[in-house]
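Colleague: Take a look at the letters that make up each chain.
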Amino acid sequence: MISGKLPKVFYGGDYNPEQWDDTTHQEDLRMFQLAGIDIATVNVFSWAKIQSDEITYHFEWLDQFIDSLHESGVFVCLATSTAAHPAWMATRYPDILRVDADGRKRKFGGRHNSCPNSPTYRKYAESMADRLAERYKNHPAILVWHVSNEYGGDCYCDNCAAAFRVWLKQKYGTLEEVNRVWNTSFWGHTFYDWNEIVPPNNLSEHWGENHSTFQGISLDYARFNSDSMLECYLLEYNAIKKHIPEAVITTNLMGFFKQLDYFKWAKHMDIVSWDSYPRANTPPSYTAMAHDLMRGLKDGQPFMLMEQTPSQQNWQAYNSLKRPGVMRLWSYQAVAHGADTVMFFQLRRSIGACEKFHGAVIEHVGHENTRVFREVAQLGSELGTLGNTLLDATVSAKVAILFDWDNWWALEKSSGPSVALNYVDQVHKYYAALFRRNVQVDLISVESDFQKYDLIIAPVLYMVKPGTAEKLEQFTEHGGTFVTTFFSGIVNENDLVTTGGYPGKLRKLLGVWIEEIDALLPESRNRIVLKEQVGALQGEYECGLLCDLLHSEGAEVLAEYGDDFYQGMPVLTRNRFGQGEAWYVASDPEEAFLDGLLGYICEEKGIPSLLRAPAGVEASVRSKDGKSYLCILNHNAQKQNYHLDEQKGHELLSGEFLEGDVTIEGYGFHVLELS
Amino acid sequence: MISGKLPKVFYGGDYNPEQWDDTTHQEDLRMFQLAGIDIATVNVFSWAKIQSDEITYHFEWLDQFIDSLHESGVFVCLATSTAAHPAWMATRYPDILRVDADGRKRKFGGRHNSCPNSPTYRKYAESMADRLAERYKNHPAILVWHVSNEYGGDCYCDNCAAAFRVWLKQKYGTLEEVNRVWNTSFWGHTFYDWNEIVPPNNLSEHWGENHSTFQGISLDYARFNSDSMLECYLLEYNAIKKHIPEAVITTNLMGFFKQLDYFKWAKHMDIVSWDSYPRANTPPSYTAMAHDLMRGLKDGQPFMLMEQTPSQQNWQAYNSLKRPGVMRLWSYQAVAHGADTVMFFQLRRSIGACEKFHGAVIEHVGHENTRVFREVAQLGSELGTLGNTLLDATVSAKVAILFDWDNWWALEKSSGPSVALNYVDQVHKYYAALFRRNVQVDLISVESDFQKYDLIIAPVLYMVKPGTAEKLEQFTEHGGTFVTTFFSGIVNENDLVTTGGYPGKLRKLLGVWIEEIDALLPESRNRIVLKEQVGALQGEYECGLLCDLLHSEGAEVLAEYGDDFYQGMPVLTRNRFGQGEAWYVASDPEEAFLDGLLGYICEEKGIPSLLRAPAGVEASVRSKDGKSYLCILNHNAQKQNYHLDEQKGHELLSGEFLEGDVTIEGYGFHVLELS
Amino acid sequence: MISGKLPKVFYGGDYNPEQWDDTTHQEDLRMFQLAGIDIATVNVFSWAKIQSDEITYHFEWLDQFIDSLHESGVFVCLATSTAAHPAWMATRYPDILRVDADGRKRKFGGRHNSCPNSPTYRKYAESMADRLAERYKNHPAILVWHVSNEYGGDCYCDNCAAAFRVWLKQKYGTLEEVNRVWNTSFWGHTFYDWNEIVPPNNLSEHWGENHSTFQGISLDYARFNSDSMLECYLLEYNAIKKHIPEAVITTNLMGFFKQLDYFKWAKHMDIVSWDSYPRANTPPSYTAMAHDLMRGLKDGQPFMLMEQTPSQQNWQAYNSLKRPGVMRLWSYQAVAHGADTVMFFQLRRSIGACEKFHGAVIEHVGHENTRVFREVAQLGSELGTLGNTLLDATVSAKVAILFDWDNWWALEKSSGPSVALNYVDQVHKYYAALFRRNVQVDLISVESDFQKYDLIIAPVLYMVKPGTAEKLEQFTEHGGTFVTTFFSGIVNENDLVTTGGYPGKLRKLLGVWIEEIDALLPESRNRIVLKEQVGALQGEYECGLLCDLLHSEGAEVLAEYGDDFYQGMPVLTRNRFGQGEAWYVASDPEEAFLDGLLGYICEEKGIPSLLRAPAGVEASVRSKDGKSYLCILNHNAQKQNYHLDEQKGHELLSGEFLEGDVTIEGYGFHVLELS
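Residue numbers (this note's numbering), protein chains in the order written: chain S, 13 to 687; chain P, 13 to 687; chain D, 13 to 687.
Do not take every clue at face value.
Where chains are identical, the list cannot tell them apart; a pair therefore holds if satisfied intra-copy or between any two copies.
[Stated by the list, open to error] Cut-off 20 Å, straight-line C-alpha distance, at most; resulting in silico cross-link-like pairs (SDA-like, lysine to any residue):
| hint | residue 1 | residue 2 |
| --- | --- | --- |
| 1 | Lys651 | Phe577 |
| 2 | Lys149 | Ile283 |
| 3 | Lys520 | Val377 |
| 4 | Lys279 | Leu398 |
| 5 | Lys117 | Gly220 |
Please keep in mind that the hints were generated in silico from the structure rather than gathered at the bench.
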């Protein structure tokens, strides 16, 4: 959608003109040019500056700054400023302040601090978006609209309680149905009146982050909270569209962010954008997976890298510098996975408050003679060289991993079987094994089209929502390969167990019956013993966490437990189903097992690795207009060699023609236009 | 008391008919029969179902289900449903909601959630018991009444504050006396008016679980809280007795549960019942000790095992399956220690909310073809075979361990000398040494009859209440052996120090004066050096935690410290007192020392081991009508051999006659009728 | 100031007559005499006893007890009793109760529990001081006035909020200036009305102890809280002075106590007094440093050791006994560093509430035949022998370490770069290196006179307040040596970054520019590689925590980083500046490096070690009337030898003349009158 407008991948980031004087603005515009910066996100936290009381607005400073940017050739990502309400609003309209999970009414402070069901918040936030859109609808500098900022958090106030009851009425119609889906006959929680329902928090059904006595209400409250914020977003979205039907509107997401169901949100975003903040020791595969999730939110549409730090963060425990080359490498990693912008938080560092030690393009020293600035400028120059080559190019995968927020919420609120079960970690284990093979992967929702994939993996698909089992059966029947794991098929969309034998609705597809589920102590392990060689899989492997005790009901048993009283029971099965097959991994295996298993399946199914390369050398392909661009990223500090089999082509940054054995620098990046 | 009614040990557990439809009920009754189940606890959490508003009650479904049970030959343990109030009650009468230790008014949610001093709770709970008793007083299926469920928790609301002041007036008469016993001259806490007294919590005298600035008020509040709940229990108890004077009434206790003084409660229970939930790694000796405490609550009267899980729990961090045979083994362990029922939570698994992953006789799969069901049915069949053999049989011990809730509360609220001091752990150390010798032990209160024992052990008897020292002196004078430890004899019943030299009122009996008490860092140790051999005790042993620096005032010094500036001071003393002797263990020794010490004492005093057996093979004897039944339990996974010295007899389950060397299977159980 | 009154160092401690009857009082007076005790601190927590309602006061018991003391030759340190308000006051005037950091209104309990801005507290506390001063102004026993006790804690109530706004108005004049210094343009926190400002706590800008989203308001609230308590102190101080202009008034401080800016407080104290409670494993250098800080508060004036425990504490996790000799050793350590009293908490142990397990001169046993009492009496006798020898003697140092509370607050509220950064630990590292050399050190404030020192060390001088850089430049210019470290010169007095290049205002003096700051993971290290030998420094050393990446701008580079991408960058620099030099240590080095560095500087600058002695043998000198007293303390349990070079003289306790090689007992103390 953006390709028509700009000749290249956008480059820039957040800038807060309200923190600086005009002299500084001018100096900064000069440096933007030095760095090749052509987009600035402004007005993210200016609500208090723009609106000084209920009826008084001050836009002149913003007019002026946007004009300055425009004159300097910098485009604008215009935020709506509603992510932190003004102090006066909190004082005069306390309904805007949240009540936290401990039932405490907050006072003014922080950000992301407005109750999503506050009438005051909704009124003034919508009004702000309306005024901004009206004022800037014709401004040629504005490329993208950025609603609020990093939506998140939760609220348990009385307005939320009332809104929750309405949400429930809309969803379930009757209180009888609410009682049924929450199984309130347990512990005598039957409701006879809607007003008896109170938000689940640490004063009612919860204790701590992941503990609930009633998962049903907790799950619905998580959905309600996500929906409430989505309503806030939509109020602003629609206010902008009213004035500018063709506006490109987004809000910046945060990868694997638990509180908001981004698949639901993305339907209402014109383009996905997100803020990527890996730690120094975050595995590259994890960041890659997050990019793939963001790309998956809108079925493969390229996204904006809205924020990353040029060097360090401030909010981690130990805020390491990004090593020389790493910012560039991670920027290209985003691009390789579908980003069409490279943007920073922040273009200039604040001098006070909690982000003053967050890295910036322009550091406190204020000039361009810094390592960080030089690296930024070098990347700006390279992106200029690449121009529009990769813009709008897509990523094509034959392998998909199912990811589902409802499953995440339900799984981790579960009381038992093990506190050590972490959904994203399980997903990452499977992702990482494919990453190590350089197999391209999509992260998809249960609503996505399954038929375009050869292999679908659904780690810990605890919750099977209506239609999902049927879709998976159809996918497999038609020749697809399906892989799932322990603790899958347990509950329906309301976290009610599917009785009659686990894995419930997946039982037919998988051809197994899970009789029991054993939770292992952290120090305990069992063994996966292969019955015979399966590809490179042979001998035995460690497993742990949970062990399903299962019986084959037709599935082929490929490996058995090596220990404990369930020694000899199946731990790896494959069920032929129609023209396809459905695999079940009954425990949490070590890495080498997953490498072997997914390696075997990929080879059997002809799912290609993009590159033969040593550990830490990643490959991804984007394609466009019949051309393919192979991106190669060396996450090692040392140079590495990789081998191009049949692929070859010009490396676009150096202009060299690469084929056969190639050397890549430490933290290096190659992008080949394949010929 | 129950022996007259049923021909065998009851077998069954909790069942929640309100969660299931009639078809399921019928199917479950069929499976109960398969499993030999003849008792079901019902109506535990049905308050909201029975009472839909202040004046409307619905008993028909319960009538019907109790009739069904009766028709199927299943007896009923009828709960009163008052352990979780209905949501409507919380909405309309907020006084029923607790205020927690942080001063936060709770909202509706969870269970065990009613303020024990709430007029609303007391009114409707009593009324419910009254109505149930009136309705079911003549029902032939009802065997036992089960008031509420697992009483516990605490409340700090204004109603509790007012009730606390009344409780204090009743106990102390005047405010002057309150000031005296709480030592309020410290830190100027003198009260001039009853209304100045507020409940001690994290807003006043406490911070965290075990920290108080005023132990006196904390101790009294713990007593008051226990008494308040006991009053709630008694309201229901008396309401039932009004209609059914002969009713057998209980409430399910929880072993070493700190908040309630079960010795005080048990006086008002017709039979003790309790819920036993060992973790996978709980030592068998700990579970045995808990059974012995429950048996001790009513001076040796057999008790009900009201709840245990057939396999896993849901609320532990890592919910392991009970290994094959373990459920049977632990059931027999309960019986061996005095249980006259074997009952489960739960007979059928819920499909929603927090206990859906708690094990059940009938699992989610819903049929009888599971390992768990088979083990339950096997045990049911065996209990049928045993019939009434063990029913009402008693356990006879020559060794008692003193246990005291006031001591527990006071000790662990103490500021200093060491946060590592844990009362139950200390008690367990002595218990475990006796357990390893298969010496039968009673856990008794300070009010129990001491004279029937040869040996009384009182680990960390920090608080010596009025009369206790005198009773112990009398016991010893008449030939008894008394053993106590470091940090004993420090305070009176109000946690006021007995001045004039530790161990205060025990000083004469023990013949020692404790001058100082050293607290060791966790990594520090001292040594116990024997002066000469004492039985098997010789050489030296490690000790730690606390080291009393003591002087003998007549006691014989058997061992001295090996290190530090108090090297050479006594650490183990024995004082001849009348015809008996009083031992003092001045530090926290390693296991081998306690094995040696208690081994020596038992041998000297002729206190028998029930069995010569390898580690993990436990023995207990129950006796009845002149016959003794030797129960042998192998807690090891592997088979073991044990040796019967003079004992021999028929093993009742196999019918074999056993004598001499015997092999017992892993997790095996033998019960010999001694001849 | 006290020297005129008493012939010797005072010896005594806290005594609470209100906890004991007359018989006990008489017995205690007898024992005081045995122990050489000549001062008692009374009335610390008697508010409730003295004042039983708004208008009724009871002083008779206090009159009588003070007379008793006086008759026994014991002087009085008279406390004002306002550190814990009476219960009746809390009930009738809830404004006296604090609101905690979580926004919770406290209830009656504990101590140090009054809101410092409570009108009720201020009224009655001032009135109490007034009445006490009026009553006892002519009593010959009263030597020192002790206002309240251990001021501390914080409050966030509405009275504090209102007072905070007034404080801000006084400090900043306009709201515009507040907005500027707090940088409220960040996150749109602009205030348009004073009433919009709320105290920063866990409901607004904070989460947890050391996390704030707005450092500016947090820093000012810390100052405001310290000032509010200081105002309370001053109300009492002035009330006393009104009646007794010559009164010697103090309040007991607590060493490195973060909440109160003691440099500011000490200006209003006639003499500094403090409570010293080292743990068993506190390094002797840490205690020494705390003494030096207390001495530094009033520019070297001797101070009172107001409290220490004769043996154990009660509030530590593991309350070890002080080993024989340690109480004496630590008492003399205080004296060696400038104490003119040795006083205990407590003279007699309470029998109830949380301090009953805190050590006392008179233990629960109640007589004098204890180790603890004997050690107390021995020390009392020795102090008698020493008489007035050391009284009012001063300590003279050529080395000063800068310590600053504002810096402490700002540094540890910082979000980034590393949570592992601890100000006092960093100060202690430099102190300890000098301690190991037996170099005398002063701890001074930024307002102190710098010119009397040869060497000033300012570890992590993150905040450079107005005038400080200039003072340091002047100091160095005139030949002084200045040492500072990483993360210095970053912000101004409002925690606003000094832009233009770190270390900001120190850049010129240090001759370096810090381009970046790397935070290391806890397990990571870098290396300091010396370019050539610097004194004993050679080869390489470990460093960690933070690594500044710096460029010399004229400073000589003495060592470089050994690893990582900044290998070869300077890590130790020296800048010639006028006649002096300014050193920069760019990372957190291991101990041996600091020994080498400070050893080199001391040798170069002719800063003497007081003694050549093995590890753990400490030396300090106090001087008076032209005479010097060398105090030597052996912190080892074993005896040690030390060597007197040119020093020699009579050891005052033994009378021996010492020179050359000397042996000192384990935990021994020597005091030589140097000849």
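Colleague: Kindly indicate which numbered hints from before are broken by the structure, ordering the numbers from low to high.
Modeller: 4
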